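Heads up: the protein sequence lines correspond to chains A and B, in order. Residues in the first sequence are numbered from 1 upward in steps of one, following this note's numbering. Residues in the second sequence are numbered from 1001 upward in steps of one, following this note's numbering.
Hints in this document: simulated from the structure, not taken from any laboratory. Computed from a predicted structure; not experimentally measured. Honestly, I wouldn't trust all of these hints.
Below, a list of computed lysine-lysine pairs in the DSS-like style, where the Cα atoms sit at most 30 Å apart [as the list claims (entries may be wrong)]:
| hint | chain 1 | residue 1 | chain 2 | residue 2 |
| --- | --- | --- | --- | --- |
| 1 | A | K79 | B | K1345 |
| 2 | B | K1234 | B | K1185 |
| 3 | B | K1145 | B | K1161 |
| 4 | B | K1268 | B | K1254 |
| 5 | A | K237 | B | K1161 |
| 6 | B | K1175 | B | K1254 |
| 7 | B | K1185 | B | K1161 |
| 8 | B | K1161 | A | K256 |
| 9 | B | K1161 | A | K79 |
| 10 | B | K1185 | B | K1145 |
| 11 | B | K1345 | A | K194 |
| 12 | A | K169 | A | K79 |
| 13 | B | K1254 | B | K1185 |
| 14 | A | K223 | A | K194 |
| 15 | B | K1185 | B | K1345 |
| 16 | A | K223 | A | K237 |
| 17 | A | K223 | A | K169 |
| 18 | A | K79 | B | K1342 |
Away from chain A, derived, C-beta distances all over 12 Å, residues of chain B [as the list claims (entries may be wrong)]:
| hint | residue |
| --- | --- |
| 19 | I1160 |
| 20 | R1189 |
| 21 | A1190 |
Even glycine gets a Cβ: it sits at the ideal position worked out from N, Cα and C.
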Amino acid sequence: MHQALTGNGLALRIGAFNVSVVSPIASVAEHILCLYPDFAVVEAGQFIDFHVGLTAPWSPRRYWHPQVNFSFDGHRPFKPLPYAQAAAFFEWGLNWCIASQSNQYLIIHAAVVEHNGQAFILPGSPGSGKSTLCAALVCRGWRLLSDEMALLSMADGLIYPAPRPVSLKNQSLDVIRAFSAEAVIGPIVNDTLKGTVGHLRPPAASVAASAYPAQAAQIIFPKYYVGSTTVLEPLSKARTLLELAEHCFNYSALGKLGFAALGDLCDVCACHQFQYSDLEEAIALFTRLATPSP
Amino acid sequence: MTLPLLTRVYSNPQAALGLALPDWSLLIRQARNANMLARLGYVLAAVAVPAPALVHIQSQLTFARRFSSSLQWEIDCIATALQPLGIPLVLLKGAAYHAAGNTAAQGRIFSDVDILVPEAELAQVELALIRAGWSSGPIDAYDQKYYRQWMHEIPPMQHIKRQTSIDVHHNILPKTCRFCPDAAKLLARAVPTPGGYWVLAPEDRVIHSAAHLFLGGEFNHGFRDLTDLDLLLKEFSAQPGFWEVLLSRAAELKQTLAVSLALRYTGKILHTPIPAAILEQANLALSPVRWWLFDALFLSALQPDHHSCRTAWSNCAEAALFMRSHWLKMPLHLLVPHLLRKSLKPLEVLWEAKE
Chain A
1 MHQALTGNGL ALRIGAFNVS VVSPIASVAE HILCLYPDFA VVEAGQFIDF HVGLTAPWSP
61 RRYWHPQVNF SFDGHRPFKP LPYAQAAAFF EWGLNWCIAS QSNQYLIIHA AVVEHNGQAF
121 ILPGSPGSGK STLCAALVCR GWRLLSDEMA LLSMADGLIY PAPRPVSLKN QSLDVIRAFS
181 AEAVIGPIVN DTLKGTVGHL RPPAASVAAS AYPAQAAQII FPKYYVGSTT VLEPLSKART
241 LLELAEHCFN YSALGKLGFA ALGDLCDVCA CHQFQYSDLE EAIALFTRLA TPSP
Chain B
1001 MTLPLLTRVY SNPQAALGLA LPDWSLLIRQ ARNANMLARL GYVLAAVAVP APALVHIQSQ
1061 LTFARRFSSS LQWEIDCIAT ALQPLGIPLV LLKGAAYHAA GNTAAQGRIF SDVDILVPEA
1121 ELAQVELALI RAGWSSGPID AYDQKYYRQW MHEIPPMQHI KRQTSIDVHH NILPKTCRFC
1181 PDAAKLLARA VPTPGGYWVL APEDRVIHSA AHLFLGGEFN HGFRDLTDLD LLLKEFSAQP
1241 GFWEVLLSRA AELKQTLAVS LALRYTGKIL HTPIPAAILE QANLALSPVR WWLFDALFLS
1301 ALQPDHHSCR TAWSNCAEAA LFMRSHWLKM PLHLLVPHLL RKSLKPLEVL WEAKE
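Looking at chain B on its own, in the form it has when it is part of the complex (with noise of 0.2 Å):
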């Protein structure tokens, strides 16, 4: 199998030099269905792009500039909004890589704000931001209910002027998750920025990466989520002992396999420098045959979310990939009644209409 064009032209920017204009046209295609745009402006920064191209580019970097100033001005909100609370600021993702300057920030385009708050802290910081402007939308009581009690995050909320989200987490995964950690302990090890705020350690950060793409069902963004662990990687790669810290740490917070796959896939889609060593220690996280069987599935689900890298097999992957993060996400004596739920709810919405 072929690579997708932006699969070929990230990892090896090279590739794009002798690329005839309909190639530059599907490769603008793929990275803005990929939300890479911007980032791709990053990666092309040195090879000359042809103008029909470049302006699609540019465009997109200029969004990405604004972006990032309307990003630093919400975080700076959040901030007010609880700073009488007298508790770190710990933001997480995209607003975690702005605020400590990775290079995972560069055209890095997203709508939610994630941060990370002690659960014990979770009504104070709600009643924080509620007081501030912000409201969870509407949402039925039975997700509420799914929400607290089984959920990582509490329901998202949005400020009723900028229309601007934010995901309050007390944990990286669901509680019910197998692989739920010990949140206290990321929390113990988060680092200041140089603005003030805090966020998870360099190997958390990948951790947390790792295990939203690996565990998570969603693909949509999966490539760019893909080249966010590449670019961390490559980042802290750079800081002695950082791949022997990234393991034993994984393994502490029950992430191994997360943080497996993750050293796999970057390696096998984006050539993320990973030492021989290292790769082979991820490696020994699974079986040969469950290797197999996930590399038919990530292999696959992690290309360009764009219809030129599809083949017939990229939805049987998506779908078993989504049926698996529910299969991980919760034990079957909650699953089943919550699937059961959700598609029943169609009927429930035509009896209330009724009513």
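Chain A on its own, in the form it takes in the complex (with noise of 0.2 Å):
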């Protein structure tokens, strides 16, 4: 892996996407390492979707205040952050690589997890507790899509997996390690700009089952409250519709074709808000929702 990673590039498959990552830097081979382990590799002769790399710039600060740049096909869409964020620098810059290069998907910022074949989509501000709730519903044997975006198909309306590692900030690493013994979290990077930030490596079966997608049926507006008590609440179609749009990467680029995207996905899904503060509620309740009742 280390020869790979220093070398032509280690290559991922990350659901519907290969992606190849160049980094000298350990922090990353680190990461990889710890998070990715249940990933195929693609063999040689396949087609990679984004080179990414991942290297300190040289210049005289590398010895005082050394930093780290993310380059996209060796262009830098961001500036350097401190070299001992490489890792998460690595994810975030992914993230943007998707986002910015996807139309084939109308791409939501949410987390999206699935039970008995029915995908819900957790659309949150930062701070909502919605990659909690992700990590804790995934940790409990629900299928991670991703913790970052849905990716609505505008082929076929289904959701589609980029199962990656689950970005947990702060107080939530703590919650998630009292909540599941076996969530395996990676690397912590302090001092980010979202605080202390960790990865939880994502379940082998969500991996496993990356290539298929699966049809939303809830669209949950997670918002996290210290001492709420669990309140699910009907949220109108018109409204969640907006709500929706506010938190997309390329609504704009899509122009019509993702309002209709959207009308269609509010159409079939049930649409709610939710407020919370015990994650074992929450779980219960969700997997009432996704439970066909007889």
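Using the hints, put the two chains back together into the complex; each one sits in its own frame.
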């Protein structure tokens, strides 16, 4: 693996995407080794969707304030970050590649999990607790499609998986560690813009099933409040559509098609907003929602 | 030297048949970095593209279609803003290709709308745009003066709500450039579009594109701009007498050099069909020694902007052409103080920060 990472690139199959990573940085290798063990390595002779790299820029700064650059096929869409954040930068940079280059999907900033063939879309602003809820659900056997973006196919209206490590921030790290003894959390990165960040290894079963799309059944806007009871309230379809449009990465790039796709999605889904503080109660409720009534 | 894959496929789409998947990866990467991905979709319309590559092309084609409708909206907004002035709205470059329905609009994605107005109307146009919500970004006094005194355009303006950019030109080259044409001659031959706007005459559209690429010094979109020329030439050459009009008009507008370079390099790099007699005439513009030098520079600088298309020579060629563009843009007595001023800029910023 190290040879590939420092040479021609380590090519991983991530959902529908073949991603080649080049980086001589040890923390990136450690991150991939810890969190991507279940992902297939793309064989030679295949198509590669994204070539990304993480390297330290050559400047005198490297001696007192080392930095890391993210490159997408030679271009650098972002300013460099502190060297210690290289692994998190890999995840954020790859999110950007997918979100900016994949108009075959309407891409909603949301976690997506699936149970009994029903995909739940959990859009959320930062701090809403969507990733924590998503991590807790996948720790209890729900399938992870993504913790960051719902890929709604413009061709068939299904949600396509791109399971990757679930990004957990600050207190969420301890919450998930306490919630599941089996949870594998990778190397911790401190002092990022989002605070302390760690990633949960995606379940092997979710990675193995990443070729199979799912039908969306529920759109739920989660909101974590300290001490809140578990409250699920219906949200009108019109309101849901407008809120979802705000959470899309490429809504304006798709224009009318995006509006139509969101309309169709809201038509087939139950739409709710959801307040919670107790993960066990939340999971019990979600499981009931995903269980067909007798 | 073997040509980059994108260059070969652009001029001969059949070359894509039988490519292996890693070659398709490379083709998509070159096209993406050269801002040619959507245009590649048009080039490969009749070729079976393997699914994983097709996804990327179609993704960008989707965006290009949306871009085209946003562009139309933007042009309409500009027209509304300028309507009280009662002057024709003359669009340039990408916006013009779009309004005129030229094939060069296919898959062309860009950030600024360029318009051409008579220099005497400049102040009025700027005021009308400000009233409608456009404003110049933060720009220091030196740059402000530099634009107003020497350039062929005023500082770029951005719409405060839509964040879209407009470049208002009163000519196609800086006033200080030795090849600066008489803008009145360009405006005099402008032609209306079906949508009620105006664009430069076909030969002038080619001339402007050629002047921009071959007298300017930036090549990060060089390959895309060369394909613009290829598409314009192919489309307009269907008009009888086009080539002769192009050459005589180029002479009239002091653009013989730019057009000669455009004809030579679209022909050499993209195999644009150009009559032999016209090419011969274009080749008379320079001595064989200068052609040898320009070949060495342009054949390298006009390749797609992807690391797989670069050679050890690429950086030198681009640096040399960048210096040449400054040399063409300004006489030495203006250029030297300007470059000095620009090179001292970081120190000035430091000094201001200290105070």
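Going back to the hint list, which numbers does this structure go against?
Violated hints: 7, 11, 15; rest satisfied.
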